[in-house]
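Enquirer: These are the residues of each chain, in order.
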Amino acid sequence: MWYANIIAGAAVFLLGLTTTILAWMTLPYTGEFGPGPGFLPLWLGIALTVCSIPVIIMGLRNKDRTEKLFQPETAKCLQVLILIVTVFLSLPFLGFSAGLALIAGAGMRLIGKHRWASCVVTVIGTAVCIHYLFGQWLSIPLPKGMTGW
Amino acid sequence: MDLLQNLYTGFTIALTWKNLLCCTAGAFFGQLIGILPGIGAPTAIALLLPLTFSLNPTSAIIMFAGIYYGVAYGGTVTSILINVPGESSSVMTCVDGYAMAQKGRAGAALSIAAIGSFLAGTISIVLLMSFAPVMARFALRFGPAEYFGLAVMAFGLLTVFGSGSPFKIIISTVVGILISTVGMDGVSGMPRFTFGMPELLGGIDFIVIICGLFGLAEVFNSIEEPESGRLIKEKFKLREVFLTWQEWVESRWAIARGGIIGFLIGLIPAGGITTASFLAYMAEKKASKHPETFGKGDIAGVAAPESANNAASISGFAPLLALGIPGSATTAVMLAGFMMWGIRPGPLLFTTKPDLVWGLIASMYIGNVILLLINIFLIPLFVAMLRIPYSILMGFIIIFASIGAYSVNNSMFEVWLMVGFGLLGYAMKKLKFPIVPLILAMVLGTLVEKSLRQALVLSAGSFDVFYTRPITVVFLLIALLAYCSPLIRMALKKAGYGKVAINLESL
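Quick mapping for you: the protein sequence lines, in order, are chains A and B.
Take the first sequence: its position 66, counted from the start at 1, is 66 in my numbering, and no numbers get skipped.
Take the second sequence: its position 35, counted from the start at 1, is 35 in my numbering, and no numbers get skipped.
Hints are supplied without guarantee of correctness; some may be wrong.
To be verified - Calculated pairs, EDC-like style, for lysine to aspartate or glutamate (alpha carbon to alpha carbon, straight line, at most 20 Å):
1. A/Lys68 / B/Glu225
2. A/Lys113 / B/Asp2
3. A/Lys76 / B/Glu225
4. B/Lys289 / B/Glu247
5. B/Lys296 / B/Glu250
6. B/Lys353 / B/Asp2
7. B/Lys432 / B/Glu225
8. B/Lys432 / A/Glu32
9. B/Lys430 / A/Asp64
10. A/Lys76 / B/Glu247
11. B/Lys450 / B/Asp464
12. B/Lys18 / B/Asp355
13. B/Lys450 / A/Glu32
14. B/Lys296 / A/Asp64
15. B/Lys289 / B/Glu250
16. B/Lys429 / A/Glu32
Everything labelled a hint here was simulated from the structure, so no lab data went into it.
Given only the sequences and the hints, what does the whole structure look like? Please build it.
Expert: Given below as structure tokens:
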């Protein structure tokens with residue numbers, strides 16, 4: 001995974017550099033009685049930038065070019081991520097209980113290829129459980145959608 | 001006498017029906033979660049946080065503790081029956097536990113793991129009871145410089161006990177501290193890294209990060225790399241879990257040694273339960289008259305690591321309660337739980353909240369007894385749980401993580417942040433960056449910055465304060481040695497002392 005280390009190192013380098021610049025430009029290094037709010041962030045940024053260099057070098061020196069970062073199952077992760085993001089975006093319409101229950105049911109279908117009937121029963125049962133357990137019993141004010149759940 | 005009086009007070013608190021129920025529920029869920037793949041102890045505690053909102057702090061902390069050591073017990077079942085450790089601390093149990101199961105002694109392996117955990121856990125509680133107050137009294141001498149040194153030492157020790165590239169460990173640690181700086185600066189009141197978002201002014205809540213890094217990220221990782229293993233025994237009869245006299249004789253000293261090693265390692269900030277079980281296994285192999293039987297189903301090879309991991313999980317409470325320094329990701333989540341209830345662990349906790357501390361310690365005795373009974377009589381039920389497909393579990397992890405994040409501020413902003421941290425956790429695992437240092441640093445970040453700035457304010461900006469105070473010097477020297485440990489190891493290897501390298505496959 002030589003390129004993974006290079007990508008990771010580069011990302012850390014950028015994060016370190018951005019932190020250093022932001023801390024230097026926007027936060028005072030010293031305060032009235034000693035170090036200011038920018039003191040620690042500045043040094044953290046510098047530490048990140050410095051530590052990213054060996055990671056990049058490790059990636060460049062790695063001779064094993066066979067290991068792959070992504071696998072066929074990565075597509076399933078992407079599907080689940082899309083499902084989560086879609087449901088979260090639709091929560092104002094679906095409501096929290098129904099929306100989260102939908103993730104459980106759709107996840108069963110997507111990943112486990114369970115029968116549709118089992119998935120539908122899971123969605124209904126889970127929505128009822130979330131509504132009563134968290135919404136009623138634990139009094140967490142879960143947002144309700146147009147469906148009232 | 002004070003100790004016994006305190007313990008008596010603790011038992012009167014722990015034995016109320018509500019706390020007893022919390023302890024039992026925590027131990028049961030912990031055991032269950034330890035068995036289920038893809039949910040570790042920190043995730044379990046973070047996900048179950050919303051369920052404790054209706055409890056008082058003592059009951060909630062007792063429940064978390066039950067989950068914590070319940071997970072240590074639970075991880076064993078999968079190690080022995082399907083050769084897949086439920087927790088990293090159970091890795092060593094796989095070696096001889098699975099071999100025992102293949103020989104038809106799965107029941108005995110599960111039994112000695114439960115008995116060993118119980119006995120070593122009890123030893124550890126007794127030692128914790130005596131040691132933690134002493135540690136707390138010693139910590140009363142600590143000023144900001146000592147606390148800064150202590151936190152830096154804990155970070156440094158992560159490079160010794162953690163696995164993987166030391167640079168990646170340091171990067172994870174620094175990112176964790178950096179995350180803790182987001183929000184309003186405690187001294188000047190100036191917003192830092194909030195990018196104009198008012199939701200970030202209060203900082204990023206620890207629960208949101210845990211739900212993302214451990215809950216959601218684990219879902220993605222488990223989908224991509226499902227843990228697989230063949231269940232070696234599906235049905236158990238009660239008589240199969242009883243040990244023979246010979247098996248007991250072979251394992252009793254392994255339990256004692258494992259318990260003591262576990263206790264000592266658990267006391268070290270960032271020492272880790274996994275390290276304890278590994279060292280106990282190696283020590284037992286060295287002490288054994290038949291080291292060649294290790295790896296082939298030796299019962300001492302199950303008893304030692306299991307005793308050590310339970311003892312370490314209990315003694316890990318000493319630095320947490322007495323110093324306010326968590327030793328592992330799980331105790332870091334527990335610290336977040338303490339803080340959620342407005343309790344700041346540290347040397348004064350023993351005097352300001354004796355009911356909580358001693359109630360918690362007494363509940364550990366009760367929890368250990370409950371877990372022993374659960375492990376002997378409910379094993380068939382837990383084995384049945386192994387058949388639940390991950391596609392079903394996954395949905396429930398997402399539900400609990402989302403509600404956990406939402407309930408922090410009753411806002412969707414935290415839920416989206418949780419998704420972001422889920423992706424960060426997934427990327428970190430893929431790129432082999434350890435998550436535990438990030439969690440510990442995130443929890444201790446505020447303490448590090450506060451103590452660093454206070455120390456410098458008190459010394460009028462002079463750094464002398466860090467090398468003129470003996471305790472601080474010791475902490476910082478240990479930290480320096482720890483950070484240099486990869487270089488020391490490399491030098492030793494070059495000088496021909498490198499044969500001690502840890503190699504799991506060789507065991």
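Enquirer: Now tell me if each hint is right for this structure.
Expert: Outcome of the hint check:
The straight-line distance between the Cα atoms of lysine 68 of chain A and glutamate 225 of chain B is roughly 13 Å, inside the 20 Å bound, and the hint therefore holds. Of the supplied pair hints, the one linking lysine 113 of chain A and aspartate 2 of chain B is violated, its CA atoms being roughly 60 Å apart against a limit of 20 Å. Restraint check: the Cα-Cα separation between lysine 76 of chain A and glutamate 225 of chain B comes to about 11 Å, which is no more than 20 Å; the hinted pair holds. The suggested pairing of lysine 289 of chain B with glutamate 247 of chain B holds, with an alpha-carbon distance near 15 Å, which does not exceed 20 Å.
With a C-alpha separation of about 15 Å, the suggested pair lysine 296 of chain B and glutamate 250 of chain B falls inside the 20 Å cut-off, and the hint holds. Using a Cα cut-off of 20 Å, the hinted pair lysine 353 of chain B and aspartate 2 of chain B holds, with the two alpha carbons roughly 16 Å apart. The suggested pairing of lysine 432 of chain B with glutamate 225 of chain B holds, with an alpha-carbon distance near 14 Å, which does not exceed 20 Å. For the given pair, lysine 432 of chain B sits about 42 Å from glutamate 32 of chain A by alpha-carbon distance, which is inconsistent with the 20 Å threshold.
A C-alpha spacing of about 16 Å is found between lysine 430 of chain B and aspartate 64 of chain A, which places the hinted pair at or below 20 Å, so the restraint holds. Distance check on the hinted pair: lysine 76 of chain A and glutamate 247 of chain B sit about 46 Å apart at the alpha-carbon level, beyond 20 Å; violated. Restraint check for lysine 450 of chain B and aspartate 464 of chain B: the C-alpha separation of about 18 Å stays at or below 20 Å, so the hint holds. The suggested pairing of lysine 18 of chain B with aspartate 355 of chain B holds, with an alpha-carbon distance near 15 Å, which does not exceed 20 Å.
For the suggested pair lysine 450 of chain B and glutamate 32 of chain A, the alpha carbons sit about 15 Å apart, so the restraint of at most 20 Å is met. In summary, the hint linking lysine 296 of chain B to aspartate 64 of chain A is not supported, as the alpha carbons are separated by about 33 Å, beyond the 20 Å threshold. Simply put, lysine 289 of chain B and glutamate 250 of chain B have alpha-carbon atoms about 11 Å apart, close enough for the 20 Å limit, and the pair holds. A threshold of 20 Å between alpha carbons decides the hint, and for lysine 429 of chain B with glutamate 32 of chain A the separation of about 42 Å lies outside it, so the pair is violated.
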